[in-house]
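Number of protein chains: 2
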Amino acid sequence: MAPPISPLAPDSFPHLPPLAGVRLATFASGLRYKGRTDLLLAELAPGTSMAGVYTRSLASSAPVDWCRKAGAKGKAQALVVNSGNANAFTGRQGDEAVGATVKAAAGLIGCKETEVFVSSTGTIGVPLPYEKITAALPKAALNLKADAWLDAAKAIMTTDTYPKLASRRVRIGDATVTINGIAKGSGMIAPDMATMLAYVFTDAKLPAPILQSLLTRGADKSFNAITVDSDTSTSDTLILFATGQAQHPRITHTNDPKLKDFRAGLDAVLLELAHLVVRDGEGATKFVEITVSGAASAKAAKRIGLSVANSPLMKTAIAGEDANWGRVVMAVGKAGEKADRDRLTIRIGGFDVACNGAAVPGYDETPVANHMKGQNVKFEIDVGVGKGRFTVWTCDLTHGYIDINGSYRT
Amino acid sequence: MAPPISPLAPDSFPHLPPLAGVRLATFASGLRYKGRTDLLLAELAPGTSMAGVYTRSLASSAPVDWCRKAGAKGKAQALVVNSGNANAFTGRQGDEAVGATVKAAAGLIGCKETEVFVSSTGTIGVPLPYEKITAALPKAALNLKADAWLDAAKAIMTTDTYPKLASRRVRIGDATVTINGIAKGSGMIAPDMATMLAYVFTDAKLPAPILQSLLTRGADKSFNAITVDSDTSTSDTLILFATGQAQHPRITHTNDPKLKDFRAGLDAVLLELAHLVVRDGEGATKFVEITVSGAASAKAAKRIGLSVANSPLMKTAIAGEDANWGRVVMAVGKAGEKADRDRLTIRIGGFDVACNGAAVPGYDETPVANHMKGQNVKFEIDVGVGKGRFTVWTCDLTHGYIDINGSYRT
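First to last, the sequence lines map onto chains A and B.
Under this note's numbering, the residue at position 98 of the first sequence is numbered 106, and the numbers go up by one with no gaps.
Under this note's numbering, the residue at position 406 of the second sequence is numbered 414, and the numbers go up by one with no gaps.
These are calculated hints, taken from the structure and not from any lab test.
Heads up, a few of these hints could be off.
Put simply, identical chains are the same to the list, so a pair is met inside one copy or across any two.
Said to hold, decoys possible - Below 20 Å or equal to it, Euclidean Cα-Cα: the simulated SDA-like pairs (lysine to any residue) are:
{"no.": "1", "residue 1": "Lys346", "residue 2": "Gly99"}
{"no.": "2", "residue 1": "Lys307", "residue 2": "Gly344"}
{"no.": "3", "residue 1": "Lys381", "residue 2": "Ile412"}
{"no.": "4", "residue 1": "Lys381", "residue 2": "Gly358"}
{"no.": "5", "residue 1": "Lys153", "residue 2": "Thr169"}
{"no.": "6", "residue 1": "Lys111", "residue 2": "Ala53"}
{"no.": "7", "residue 1": "Lys268", "residue 2": "Leu150"}
Bound-form chain A, shown alone (with noise of 0.2 Å):
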């Protein structure tokens, strides 16, 4: 039984144009569920550049290990994706599995093995019937057209409870360019990396360690920026293809201001998709913003921040809706990083909760309590001792979250 869609769903999807230089697939393979799509296959032109983001699991999945590996050509010509299935601690077949999906889909579209990339999402241990893929791969192509962004969304999903889509139009030069973005991910979802997996895709022609540039820094901001339950997946993978159809002045280092356009264009198709996984986040009914500042540095703003998200008492408190910023000051202890006690600061929903230290005298509950029971929760902390600043976001921790997960293989 298919849980209900997040309540914290958008109301609608945005719908994604056309974008030079990538086809779109999608197919039923029957890997593991029945009646859906589980195989997205996209082509890519060629002279496409890419880069990669991915899980720092050290039992990184086989497709992981070879999208690492075939990615430092920085060359793409073909994505291949299915769910039900993660090829995840499958030893040898896993490679195996890898390696038949790989060669299927160089010979289909014609490129070379390592312009094909691979992802799987689903079971983890059960070793991948590849053959299905392999099979269904030729049939797929039959099918490419430009036109199926939605379809994309909904074929990579597991546990998600809606499809997940975003789209800019930013200007490079004279030129107009576009980003659409796609992603999966509602469990397992912790930096680094945060979406199990999230594909973007771009008619601008920019090499493929610019590409990285812009990549690894837009995901810290916002991939790894979330948090649903602190657990980190074998398979998480963020891959940015450029096509290069974009008819724009040429781009050859990452700080060419006429990348600025672009550069705020891709962080929004990132924080979008990645605010989307968090909605999304198995049992959620609150999307939770955490501010911290005053931090030693960023990075320690991030590790406040990410230990008060990945609390559990916080997060249940925030399904119960209560303001409970004792939880906040317990989270913030227990992070290890710099923290002035005596001058820490809590507002909840933009009202002072506790101030240097302490309870603010004559403590209002009411319109913290209000803003308790909306969809949205808002942190700020300041801990008081340098400007380190960081935002993270992250969900409740519902009932819901225990029955997804209590009896997923079931």
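Use these hints to put chain B onto chain A, whose structure you have.
Just chain B now, kept in the frame of chain A:
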């Protein structure tokens, strides 16, 4: 309404024998709870030495700060513990409350203020109405007696569903020595420190530095090897008091072979108390032991073990009686310690589940599924890179945890 007693509670509580040099009294001071005791006063014979291990939270409570400072002298004559209010994040008022309590107890017992140790547990951020404590202390002192261990364990409870006690009789030379311990804690339990409050008393005659060495080592394998929810309290305190009333040969260094039996007894009391805390984990239905071997070091093994023990996906799978070893792989991978994915071996309940980086050929889930249905669940994980070994304990994550923590203050 009090939650039902944990299904993992022991069938009965041990009767702790009187211990020369310790008298106990409890009292209902009305700090927060109605109709139950919330104050413990322990009177210790002159000459009692002590050692402490405290929370590593950087937002430690006023009582913890006091114990750290007073404990530098290593002498004790009184312990005052209240439940219902943690006196944490209470600013200058917190220090004042500690000061007034210490002064009152020192006057009552007739000792130095630095010989009085205080702890508070309960809600964070609410000023402690210490006048209730100072008013109650003289009344409590009228009832000091040697045989009130169960009452003492009950007075310090908060969300605990049962009192926690452990005792051992050991030999130092020809003399019999008693070690009695009480503890409280069931949520906000994670290294370091784990249980919020634990006090161990012995009639052994040991100088403070030796006590400290024994306690630090013992805590590392017990209280600092358990986790309920990864959250670290601002108030965690473990103190060992030695009244020196037993007649045994003089001990002058920690490695004296005559201490062997005492060390084993102390370790056993600490471990038993730590296990009792996990068994009372909020909402717990399973007691989980996780042994990691083959790690680069014992420290690495511990970090991997805690990564598994703290993973919400692991804990919900265990609640769902799901032998989901894929999540074990995930949690090992995210720990950030060296592990050889292709030599990783996982046993559940003594049965091989995964071996050398993949599922065991012909894996029969039946006996493993049966093991998962029991109250005691065991994981053995070998990460295949070295000789480091460590065992940690935790419980599952259930609807009960959400119920308890989504409405704690209301």
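Hint-by-hint comparison with the structure:
{"no.": "1", "hint": "Lys346 <-> Gly99", "verdict": "between (42 Å within a copy, 17 Å between copies)"}
{"no.": "2", "hint": "Lys307 <-> Gly344", "verdict": "both (12 Å within a copy, 18 Å between copies)"}
{"no.": "3", "hint": "Lys381 <-> Ile412", "verdict": "between (23 Å within a copy, 19 Å between copies)"}
{"no.": "4", "hint": "Lys381 <-> Gly358", "verdict": "within (14 Å within a copy, 47 Å between copies)"}
{"no.": "5", "hint": "Lys153 <-> Thr169", "verdict": "neither (25 Å within a copy, 61 Å between copies)"}
{"no.": "6", "hint": "Lys111 <-> Ala53", "verdict": "within (18 Å within a copy, 79 Å between copies)"}
{"no.": "7", "hint": "Lys268 <-> Leu150", "verdict": "neither (38 Å within a copy, 76 Å between copies)"}
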